[in-house]
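From just these sequences and the hints, can you work out the full model?
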Amino acid sequence: MNSNGFWLSVEAIACLALLGLLLVTGVPVERQGLLDLHLFKKENDLLLAWAKGFDGLTELEMRQMFSEAFPGKAGEIFVGRKRIVVGKPGKESVATSAKFFGKGLELHELRLVVFK
Amino acid sequence: MRIIDEAGFVFSFDLAIAFLAVLLMLSLMLAHFGFEKELALNSFEEISLQRKAVFLIDSMVKNRNERQPLLGAAVLDREKGRVLSNELDLSLLGQASGFRRESFFVSSVSVAGKNFLFEGAGENCMGLDRLVLVQGSFEKLLVVACEQ
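Residue numbers (the numbering used here), protein chains in the order written: chain A, 1 to 116; chain B, 1001 to 1148.
On the chain A side, residues computed to face chain B include the following (Cβ under 7 Å):
| # | residue |
| --- | --- |
| 1 | Glu11 |
| 2 | Leu18 |
| 3 | Leu34 |
Distance condition first, Cα-Cα at most 30 Å in a straight line; then the derived DSBU-like pairs of lysine-lysine:
| # | chain 1 | residue 1 | chain 2 | residue 2 |
| --- | --- | --- | --- | --- |
| 4 | B | Lys1080 | A | Lys103 |
| 5 | A | Lys52 | B | Lys1062 |
| 6 | A | Lys99 | A | Lys82 |
| 7 | B | Lys1052 | A | Lys73 |
| 8 | A | Lys116 | A | Lys73 |
| 9 | B | Lys1140 | A | Lys91 |
| 10 | B | Lys1052 | A | Lys41 |
| 11 | B | Lys1140 | A | Lys41 |
Just so you know, the hints here were simulated from the structure itself, not pulled from any lab data. The beta carbon of each residue, even a glycine, is placed where N, CA and C say it ideally should be.
This is the structure we're talking about:
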């Protein structure tokens, strides 16, 4: 056996293994924290506001309240099956929904999606 | 002899380069792990502040605590015997004198632009807002929490 060749091969394998380990460790990912939870809670606040004043609520008022609550963010508001888009939809979102009874005990459903 | 000398020279040269390459990769790996450690430490501190701030403002909006209004400032409906979540009692909030737990403290509280508390700033602060009902109209509650 050629001992020089053997040690060269061992060294080459060690280098490749180290390179592979470096590639596998990857790029550190930024952690999201609890801001998504806070966004979810704010969405619930807005749904609660809409549910309480639902009878006289117009689409324009809903858009205005959305823009005040989430300045600079885009979203989608679903009133039953009707979809209202605010801004340009993105990829990642936080969504919540609420069901409630109106004055005549009719069931209403509101769904809110806010894009991050 | 000359062929053996040349082969030996090439072999040594190759070995030296390989050794340097291994050292370089080791140093890159250590730098990477050091960077990861710094990122993890910063994330931990950031998440710790976020956790305290998010839960504090949620507690302020959902509960009622007459001894510490910054942990609960919701309206109490005495007739129904329950706390009305998301409805803020400004008179109770006005009685707040501050909240501090170890290095975490509430820096300021304001509702609809009106300040109810200001305790100065810390080293690391974050502001959060929630929508609340105040005497029939919806306003923004803004709380700034800091860590020294």
